[in-house]
Amino acid sequence: MRKLFRRLSYFWNRRQAERDLADEMSAHREQLEPGRATAFGSALRLREESRDVWGFAWLDQLSQDLRYGVRSLAKSRGFTLAATLILTLGVGLNLTFFQLLNATTLQPIPLKDLATLVRFIHRAQGKGGNMTSSTVWVPTAEYVRDHNTILSAAIFEQTFDLAWGEDAAERVRASFVTVNWFEELGYGAALGRVFHATVDDSPSAAPGVVLSDRFWRTHLGADPAVVGATVRINNRPVAVIGVAPASFPGMRQQTTDLWLPMGQGVYFNSPVTAVNFYARVHSGLSAAAVREATRAPMAAALEQGLSTMPDSWLEPRFGTERFEPPNDARQRWSIAALVGGLTLLVLLVACANLSNLLLSRAMGRVLEFGMRTALGASRWRIVRQLLTECLLLACLGTVGGSVVAYGAGTWISRAAGDPMNFAPDWRTVSAAAGLALFTMFAVGFLPALKISRQDLTVSMKDGGQNASSGMDRTRLRQMLLGMQVAGSCLLLVLAGMALQSLQTVLASGPGFDFRRFAVMDVSLSRDQIEGAEAAAFWSNVKRNLQLLPQTESIALSGRAPLGDSSEMSMYRAAPGLSITNERVEADFFQAMRIPILAGRNFSADDAQGQNVILSRNLAVALFGSPSDAIGKIAPSRETVIGVAGDTNLARIIDPNSAQMYRPLRPEDLSRAILLVRARSDPSPLLTPIRQAARTADVRVLAGAHLMAADYEARLTVPRLVSNVGLMMALLALTLACLGVFGVVSYGAAMRTKEIGIRRALGASGNSVVAILLRQLIWPVVGGVVLGGSGAAALAKVLAGAPLYLTAFNATVFGFAIAFLAVTAAVAALLPALRALGRDPLEALRYE
Amino acid sequence: MLILRVLEAGPLHGYAIAGQIHQLSGRVLDAEEGSLYPALQRMLMEGWVTAEWGVSDTKRRVRFYTLTKDGLGQLQREVQEYQRVTLAIQGILGTA
Chain A
18 MRKLFRRLSY FWNRRQAERD LADEMSAHRE QLEPGRATAF GSALRLREES
68 RDVWGFAWLD QLSQDLRYGV RSLAKSRGFT LAATLILTLG VGLNLTFFQL
118 LNATTLQPIP LKDLATLVRF IHRAQGKGGN MTSSTVWVPT AEYVRDHNTI
168 LSAAIFEQTF DLAWGEDAAE RVRASFVTVN WFEELGYGAA LGRVFHATVD
218 DSPSAAPGVV LSDRFWRTHL GADPAVVGAT VRINNRPVAV IGVAPASFPG
268 MRQQTTDLWL PMGQGVYFNS PVTAVNFYAR VHSGLSAAAV REATRAPMAA
318 ALEQGLSTMP DSWLEPRFGT ERFEPPNDAR QRWSIAALVG GLTLLVLLVA
368 CANLSNLLLS RAMGRVLEFG MRTALGASRW RIVRQLLTEC LLLACLGTVG
418 GSVVAYGAGT WISRAAGDPM NFAPDWRTVS AAAGLALFTM FAVGFLPALK
468 ISRQDLTVSM KDGGQNASSG MDRTRLRQML LGMQVAGSCL LLVLAGMALQ
518 SLQTVLASGP GFDFRRFAVM DVSLSRDQIE GAEAAAFWSN VKRNLQLLPQ
568 TESIALSGRA PLGDSSEMSM YRAAPGLSIT NERVEADFFQ AMRIPILAGR
618 NFSADDAQGQ NVILSRNLAV ALFGSPSDAI GKIAPSRETV IGVAGDTNLA
668 RIIDPNSAQM YRPLRPEDLS RAILLVRARS DPSPLLTPIR QAARTADVRV
718 LAGAHLMAAD YEARLTVPRL VSNVGLMMAL LALTLACLGV FGVVSYGAAM
768 RTKEIGIRRA LGASGNSVVA ILLRQLIWPV VGGVVLGGSG AAALAKVLAG
818 APLYLTAFNA TVFGFAIAFL AVTAAVAALL PALRALGRDP LEALRYE
Chain B
484 MLILRVLEAG PLHGYAIAGQ IHQLSGRVLD AEEGSLYPAL QRMLMEGWVT
534 AEWGVSDTKR RVRFYTLTKD GLGQLQREVQ EYQRVTLAIQ GILGTA
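Protein chains in written order, with the numbering used here: chain A, 18 to 864; chain B, 484 to 579.
Bound-form chain B, shown alone (with noise of 0.2 Å):
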């Protein structure tokens, strides 16, 4: 859901797109940065996201991940899901 929110903005490449989830999360979210490899890998195939060779700001070789219909459906539907059940958890905690 995060990658996919960061790309909603625009197409990324990987580092560009572990750095925004650092960022955005203020830091707190900082899991190990390889393992949105195999989660993007994960979303090509279901087709969430394309890929594309290009160069980096930093004038690397990288590839960019562009968020597809798909992949916005998917957000949107992932979006809903969490905010019911965060809502279904304040609810609990505020009547607890």
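This is chain A alone, in the form it adopts within the complex (with noise of 0.2 Å):
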């Protein structure tokens, strides 16, 4: 330690240094004898082995070999740009994954002692039936809440759909929340104030809002005054109380625009009923032991009659885990180690590439080498100076992937909508030096040694073309090129694929003309009408509407088909399908425009009975055709009495949807959404359903939009997977066809005698072109097997959820290798056509 200290010193002081060393061996041979002035020795020599001592004889040379590098690469600009391109590229692309998996994955959720902080998910197994539920009941939730041993806090979120601003015209994600919410995960205010016991926790407390800061920047200006400012929701005034910091990430994966303490529900009418229940444990506790507390007074809640579920106990996920159960961890650790391989493999075809580039860049300069050796420079001092030169490029590609990085980053985070940070920070940009220098150091080490090892003095005199030909007839190159090849084959596929499945997807649609239709937002549980009151609004509203010249039709459904909530089921006699349970009433299916293959629509008589219409593919799946279905037992222990055409009413992308309607119940009214069919475009529909709820009852606040609005929001992961995959497949594309370029070039550099003589003794044009593009045939074939069985291993993962990818086929297949092998014969015609164009004699005139 002490030693680096001096040595530092001696750096800082190294004048210093040199002039006392000089004085002092002037000093001892002045004292010399005159007959022994020679004893003293080289003080030229003696003094550069001094600074030898003090170490930084390296560090001069590392500054000439910079200075040197940087006019070297400044010289040849073109290949300083390929290079410092491909690297920016590669990098780029690996940067923009990592920081993805660090907010996705890798990154603790920023919340207040994640070790502590449990979501309850509430589960039942035994007599009673199995039952698994994210949410709580609030009897339930607030019974364990005050009789438990476990628990320091309990913290209640359930989110509501509100109507936001004077005309109460649009919709906002409102989270009613405990007045602890905002303490207990570690937040204050940005602006204003959170909620506080004391203040706003009981029901006549004044109502008080915090908006989130999107919300904030989006609907109110950003203005700083909105503090104590009164807006409305649900046409209830309310006092701003405080705007929430933009870095609290809340609990859930979508955005909430505003939090309102649990307490007000009933203002808003949005009584809480049931909540995502998070909770303090105490430090220390296991989640069994967690699990296992839970049992007692979860029974004692049933016996008081707060709780309708026997044998029931919650089960804790930890902050530490995300909230999520282990199996969706490994979900998208699997899907991470994936995409992470994939582009892991476009930078081993960039490697591959920048390899070819700096080896055929080496050998270029075999005669400046040779002088430099021929000078007395060692071995080691060349290879330093090719690896100087690498760092040099580096740096570039540390730059470069940085700014590719971040904007990639943010394009990615725009698309998915989901807000996430990626301003480079200290650790993104030593993540892509780090990236860099490794490759760099990886690809430039091998051709450094490779000319390093070279009779330079000898490869001098015949100006560098004998000792690189021998080298050329190394494997080594092709086997590069291979790679790259195999490399841009598979993620030309693996693209292919996820583009033939978007448009699968695209082509076919839901199987229902989504374009068509207009969604009124409404619930009317919320605000108490239930019952024959709910009949009675809805025959209003259907009556107002249908008086409309735009409407063609009109149907009540339990739920959007598109929307984003949805009940799925699997059953074990029909393997492989989701199931979505839909209740609809029976002018459903002649709006929607879905056939009846077999047996009857609903009837009135229905809605009380135990009758179920399955889609087609689940009655074939079941009872092997759609006729034989009808009259049998669904498994689900209710009779079949209709068959309906296939169609996607939850998930477009899964191709193995299937339906169970039942009909709406008189119960399910209060719950119900209505569709309404445009003759032609449904937006100027909008506007009169809002209206329309409103006349068929002053109390409801409806919301109303379209269709084509939640296919899009279906559709935004596919197009993100096809594009980011396109893209990717892409840059590889350009990185093999470079490689190719390069290859034959320098093929066709290094062979400008033999084909000149050639040419001389008049082998035909073709013949030249053949022997040229011969070195290929091996690489690119090796390479278009390797990528296509790898893309045909990887179609099986990936045709399950959550990519979809099912289209894997010839067609495909074909497309790929044929786009592969017509810009790899572009590639490397161009420079083969070159080489062919050039004088015979001209090139033998150098002989």
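Because the hints were derived from the structure by calculation, they are not lab data.
Ideal Cβ placement from N, Cα and C applies to all residues, glycine included.
One or more of the hints may lead you astray.
What the hints assert, rightly or not - Short derived list, chain B residues pointing at chain A, Cβ under 8 Å:
1. E516
2. G517
3. S518
4. D540
5. R543
6. V545
7. T549
Unchecked claim - Chain A residues, not near chain B, derived (Cβ > 10 Å throughout):
8. G58
9. A60
10. R140
11. A214
12. A394
13. R401
14. R617
15. A624
16. N673
Claimed, not checked - Which residues of chain A face chain B? A partial, calculated answer using Cβ under 10 Å:
17. R23
18. R24
19. D40
20. R46
21. E65
22. D645
From these two lone chains plus the hints, build me the complex, please.
This is the structure in structure tokens:
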């Protein structure tokens, strides 16, 4: 340690040290007797040796290498540009992936004391039946909160869509939360204040709302004077008491616009009934301990009539595990590993390319290095020179890669609608530098060693051509090229699959004409409109809307097709099909243009019965054919009365989606929504729909949106996957083409003489091109085989959730390979033809 | 080792060190005197000696080198090692 310190101090005072040494030596020499003047030795050499001892000879040499490297890179701009570009793209892509992974998986959720923060899932298993519910009924949750030994705090949340503004035309996502919400999660207010137990917890407290930062910016112009102002939510006045910080992550994937105290639910016509149950457990408790400790209070709650589910418990999911079951985490990791593998593949292709490029360049510089060796440069010094140039390129690549990653990250986070921060911080920049350095040295070392092993003085004699033609025969170059082709082939096939899957979805659509529909969002149960009153409300609304000339047909449904909530089941008798449970009225099939293939539609008598209509694929899976299904008993122990055409009402990218339709019961009317089919464009219907609800019942605040908007929202992820996949594939293809181009043009340059002689002896142009292209055959064929089989193996994995890339077929495969072959051929022919165009005599004159 | 041994007696400047070695060795060891300086620089780096400017007997501005505690330890180690090797060599020569 002290040694290092001394060395550093010498480094700082090196001029002084040099002077001291020189003075000292000259003093010594002056004292020597005249006869022994030569006994001292060469002062210059000795000073050099001393400098070595101080340890900055290498520094001198490094700065020399750097200066020389900058000059030589500046001289060959084409090479520098190409190498920087390759490095930038390779590093940028990997960095983008790293950032995404970091934001979604690696970084802990930024909440206070994650280790003691849990989310409870309500589960039951026993005679009463099995159940998993993400929400807990409020009386149950409150009982557990007050009677347990493990919790230090309970945090409840329920999310509603509420109407916003004077005209109540807009829906906003509001979370009703317990007043300890912000405090327990570790956040204060950015502006104003958050909820306080003493102020906001009583039902008589003045209503107050805390806005999210995003909402404050988009809807209130980021006005700091907003605190204290009165806004209207669900047509009720409420004071803005604060704005949450921009960094507050909330608890869910979707964004919350504003928070209201749970006690105010009734005031806003949204009584909180079932909540997401978060809690602080005492530290050091295991998941099993927490689970077992919840059984007793749950049983007691059941006894007191505060719960309906026997044999139930609360399953804790810890904040440190992102409130997820281990399976979800495993799935996310496997996707991450897959995508990470692909991005690494691109980097590998880039590496192979760079290595090729460096090798070519080094060969071209045989003369230069021969000269330096002749002047006394050691082999190590030459290697170091080459590596220094790699260092410079790595610096350029770091800068470029960081910029690319920032741009791509911002684009992705915007496209995904998930605000993530991708501003480059020290972590990403150092990751970029690490990647670039690693890449450069991994690819730069081999050419450096190779060139230094040559007998450079011999090679000089021949202008570099002989020595390098020996190296050219090595398989290395071809292997590198094969790797590039394999990588880009794999990525092309995968991108083709993503594209084709998306096209299939886009072309077939969800099986009904979603563009014609407007959806009325309303929750009558919130306004306590139920039973006969709800039925009256709907018939009133229907009558009013039917009068409009644009309306074609109207139907009630339990939920909006393509909307965000859906109830799924799977049956052992129909493996692979994910079945959504729909509650619809008879008009639904006509309005949606879903044909009844066999049996009959619902009638008024079915409302109380045990009758279901199956979608065709489900009927086929269960009973063999649609007509065979009629009258049979479905696995849900209901009678099949009809079979409807296939549609995809929930997850449009999932080809295995099936439906089970049940009739709307009277009690479902207060939770139903209305689908309105327009004769043409449904947009002009939105305002009349809102008005119709208001006319029918003055208490109701309805929203209206286009079904096309839901459809677009569902397509966000497949679009993103196919775009990103295509981008990566094109990137890899570009790199591989550069590689092909480089190999052929380099081969042509090295064989100028040979080609000249052949031409002079009368060889045809075709045969010369054939010679040049022959070296490509094995790498390209091998690469395609390798990449193709890799893609085939991956296709199996990707066919399932969550990407559903099903389009692994000959068309995609053939198209990808044809595309690859054509671009590779162009990349190969260009330099080959150029070599041909050269005058053979010109080429030979150099001899 | 030789330089450290010479410096054990007290601070000396470069010319004097060379002279001492020259004399003590009975003029057998008569190496290039200048190579003393890189060696001294190395010892400075290792922290075995420290240097200070002063004025010599001949009224010249010279640098005096002083042995440090680390240097003394190093000398002892080297002497021991040398004796061990010498004994070994003598042993081999004796039996041969």
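To see whether the hints hold, each was checked on the structure:
1. For E516 of chain B, the shortest C-beta to C-beta distance to chain A is roughly 5 Å, which falls under 8 Å, so the interface hint holds.
2. For G517 of chain B, the shortest C-beta to C-beta distance to chain A is roughly 4 Å, which falls under 8 Å, so the interface hint holds.
3. Look at S518 of chain B: its Cβ gets to within about 6 Å of chain A, closer than 8 Å, so that hint holds up.
4. Violation of the interface hint for D540 of chain B is found here, the shortest Cβ-Cβ separation to chain A being roughly 11 Å, above the 8 Å cut-off.
5. A hinted interface residue such as R543 of chain B counts as satisfied when its beta carbon comes closer than 8 Å to some beta carbon of chain A; here the least separation is about 5 Å, so the hint holds.
6. A least Cβ separation of about 5 Å between V545 of chain B and chain A falls short of the 8 Å threshold, and the interface hint therefore holds.
7. This hint is violated: T549 of chain B has a C-beta 15 Å from the nearest C-beta of chain A, more than the 8 Å allowed.
8. A beta-carbon of chain B comes within 10 Å of the beta-carbon of G58 of chain A; the shortest separation is about 4 Å.
9. Listed as a non-interface residue, A60 of chain A fails to keep its Cβ farther than 10 Å from every Cβ of chain B; the least gap is roughly 6 Å.
10. No beta-carbon of chain B comes within 10 Å of the beta-carbon of R140 of chain A; the shortest separation is about 69 Å.
11. Every Cβ of chain B is farther than 10 Å from the Cβ of A214 of chain A; the closest lies at roughly 65 Å, confirming the non-interface assignment.
12. Distance check for A394 of chain A against chain B: the nearest CB is about 23 Å away, which clears 10 Å, and the non-interface claim stands.
13. Remark: the non-interface label on R401 of chain A is consistent with the geometry, its nearest Cβ contact in chain B lying 23 Å away (cut-off 10 Å).
14. Even its closest Cβ contact with chain B, about 99 Å, leaves R617 of chain A beyond 10 Å, as expected for a residue assigned away from the interface.
15. No beta-carbon of chain B is positioned within 10 Å of the beta-carbon of A624 of chain A; the least distance is around 96 Å.
16. Listed as a non-interface residue, N673 of chain A keeps its Cβ farther than 10 Å from every Cβ of chain B; the least gap is roughly 74 Å.
17. Because the smallest distance between the Cβ of R23 of chain A and any Cβ of chain B comes to about 6 Å, under 10 Å, the interface hint for this residue holds.
18. A cut of 10 Å between beta carbons decides the hint on R24 of chain A: the least distance to chain B is about 6 Å, and the hint holds.
19. The beta carbon of D40 of chain A is positioned within 10 Å of a beta carbon in chain B (closest approach about 7 Å), and the interface hint is therefore held.
20. Interface restraint check for R46 of chain A: the shortest CB-CB distance to chain B comes to about 8 Å, inside 10 Å, so the restraint holds.
21. The closest approach between the C-beta of E65 of chain A and any C-beta of chain B is roughly 9 Å, which is under the 10 Å cut-off, so the hint is satisfied.
22. For D645 of chain A, the suggested interface contact is broken, since its CB lies about 94 Å from the closest CB of chain B, more than 10 Å.
This entry does not satisfy hints 4, 7, 8, 9 and 22, going by the numbered hints stated previously.
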